[in-house]
Amino acid sequence: MNILFILVGLLALILINVPIAIALAIVAVLAMLATDGIGALPDLPLVMFSGATNFPLLAIPLFILAGAIMNSSGISRRLIAFASALLGFIRGGLAMVVIGASMFFAEISGSAVADVAAIGSIMIPAMTRNGYPKPFAAAVNSSAASLAIIIPPSIPMILYGAMSNSSVVQLFVAGIVPGILGGLAMMALAYWFAVRHDYPVAEQFQLKRLWSTFKDAALAFLLPIIILGGIFGGLVTATEGAGLAVIAAMGIGFLYRELNWRHLKRVIIEGGIQTAVVMVLVASSALLGTYLTEAQLPQELARTISGWTENRYAVLALLNIFFLIIGFFLHSAAAIILVIPVVMPLVQAVGIDPVHFGLIVTLNLAIGQQTPPVASVLITACSIAKANVWEVTRVNVYFIIVLLLVLVLVTYVPVVPMGLVHFFYR
Amino acid sequence: MSRWRVWFENLLELIVLVLMVALAIEVLLGVTYRKLGMSLSWYDEIASVTLAWLTYYGAALAALRGAHIGVPEIVRLMPRPWRVATVYVSEGFVFAFMILLAWTGIDVLDVLATDTLVSLPTVPVSYTQSVIPIGAVLFIIAEALHFPQQLAEARAGALSVTTTGDP
Chain F
422 MNILFILVGL LALILINVPI AIALAIVAVL AMLATDGIGA LPDLPLVMFS
472 GATNFPLLAI PLFILAGAIM NSSGISRRLI AFASALLGFI RGGLAMVVIG
522 ASMFFAEISG SAVADVAAIG SIMIPAMTRN GYPKPFAAAV NSSAASLAII
572 IPPSIPMILY GAMSNSSVVQ LFVAGIVPGI LGGLAMMALA YWFAVRHDYP
622 VAEQFQLKRL WSTFKDAALA FLLPIIILGG IFGGLVTATE GAGLAVIAAM
672 GIGFLYRELN WRHLKRVIIE GGIQTAVVMV LVASSALLGT YLTEAQLPQE
722 LARTISGWTE NRYAVLALLN IFFLIIGFFL HSAAAIILVI PVVMPLVQAV
772 GIDPVHFGLI VTLNLAIGQQ TPPVASVLIT ACSIAKANVW EVTRVNVYFI
822 IVLLLVLVLV TYVPVVPMGL VHFFYR
Chain U
26 MSRWRVWFEN LLELIVLVLM VALAIEVLLG VTYRKLGMSL SWYDEIASVT
76 LAWLTYYGAA LAALRGAHIG VPEIVRLMPR PWRVATVYVS EGFVFAFMIL
126 LAWTGIDVLD VLATDTLVSL PTVPVSYTQS VIPIGAVLFI IAEALHFPQQ
176 LAEARAGALS VTTTGDP
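Protein chains in written order, with the numbering used here: chain F, 422 to 847; chain U, 26 to 192.
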């Protein structure tokens, strides 16, 4: 009865637009009062505090801070210049520049919204100036940005790791091949669009220009080597790697002498807000988690569904559909925090590797960032392009199909995400 | 009202900025000292407490800007009188919860009066835990300052979807 009350209450509060973090906390408090009486109330401030002290999640503000510093130090501009010299001679080359630069930025930032803000704010105006239709420019920037949460480092993977007790480093490694595959498939699609709609060639290929832009961006290329090399090499943890990213970004910012302090201050504050919004959700879910653990709801769900089928591929298909539907209505952080603690016992009961499942969840949420009405990355791209969300979606559907194909591949060919994990860690 | 809002927003921004920078410095110190073989005993505990402080001061700033993750789509589809009524009801839930959190948060400080941090015994737990009642009060003020804007958006049928918090 209490379980039904929690689900209905939570849904009702969310549907009347109570912030999800507070809706979670309210139903948790009511469930605690119903079960343990008023004596449970002192747990409220204690759990809300301890829930926000989750040490591995320290990596989130640090990666956000590193991304903010990089965004304020001219790195995006240099990456785009290099990608343009490398790919700009191909028909529809600017779209490929967007995808290439987004993939590279993804190796540093871990946030798709940060990626679309950094690359899209430069590339969407450049593409429209060069004759690309606004909806296409917004769609390619939006979808390419979602590679940022698949290619390591990735903030949703850090969250998933914390909520499922999985290795964040192994999750990062599992994201490499699917991220690259997704990027290459998007480039092929962009080329098909360019040929079909006769999009322009941006510039002639010049080896001299390629070399000069490479030299200009050489320090930026060191960043992923420092960050990911340190983490994958076991020299630093993911949290420490995030700290290293801050130092490296700061150092490169000073060397480039382009750090814009006013912009930096603003993005640090935005990063603080973003961290807080996610962490309040984490703290509230800890409060509800205390009750759910007592009530054994996740275990009950696992027993019920594994009673229908123990075929892991059928369970994965069910979970994929569930996450795709959730992606229409929830931000990725909220989806992970709400759903992962509930479905993990089921995932383990049918023998799915938690790291493999982490990649599946991340890909689903990357698609969710592109599907309105709740589609943070798409909406950011549309607001930069000043384009209508539904017009952009009509083009973006093709890029979403690419992400869906990668999702199917990752789900049913586990070697795609897990090959490198097994090679290096198991 | 707007002068107070600007002053309040500047104050919260300053706190969030300081906490973000402090957090980065703590982690960097922690990594450096560990690599030098002189691990700082207080690093994990203080960094975690700083993250909790950032969470609740940042949450108040997010409330002031209407940046907490919600689902306004259904409310947006309602007729105007329902939209406005729903905003009052949802805000009522938010205020009620935050008042409860502030009240229980103050109560718990007495219980924790004699406890100290494990790694820094000179720092009382009630000092670090104080962020809960302080954060809750700041959240209430922020929500009250943001409420007129939210009400205006509900009247105009333009309740906005935040992109904050989604990585």
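Just so you know, the hints here were simulated from the structure itself, not pulled from any lab data.
Among these hints, one or two may not hold up.
[Said to hold, decoys possible] Straight-line C-alpha distance at most 16 angstroms; calculated EDC-like pairs for lysine to aspartate or glutamate:
#1 K555/F with E721/F
#2 K555/F with D619/F
#3 K686/F with E116/U
#4 K686/F with E34/U
All values derive from a computational prediction rather than experimental measurement.
Here is how each hint holds up against the structure:
no.: 1; hint: K555/F with E721/F; verdict: violated (49 angstroms)
no.: 2; hint: K555/F with D619/F; verdict: holds (15 angstroms)
no.: 3; hint: K686/F with E116/U; verdict: violated (31 angstroms)
no.: 4; hint: K686/F with E34/U; verdict: holds (14 angstroms)
When held up to the earlier numbered hints, the structure conflicts with 1 and 3 and fits the remainder.
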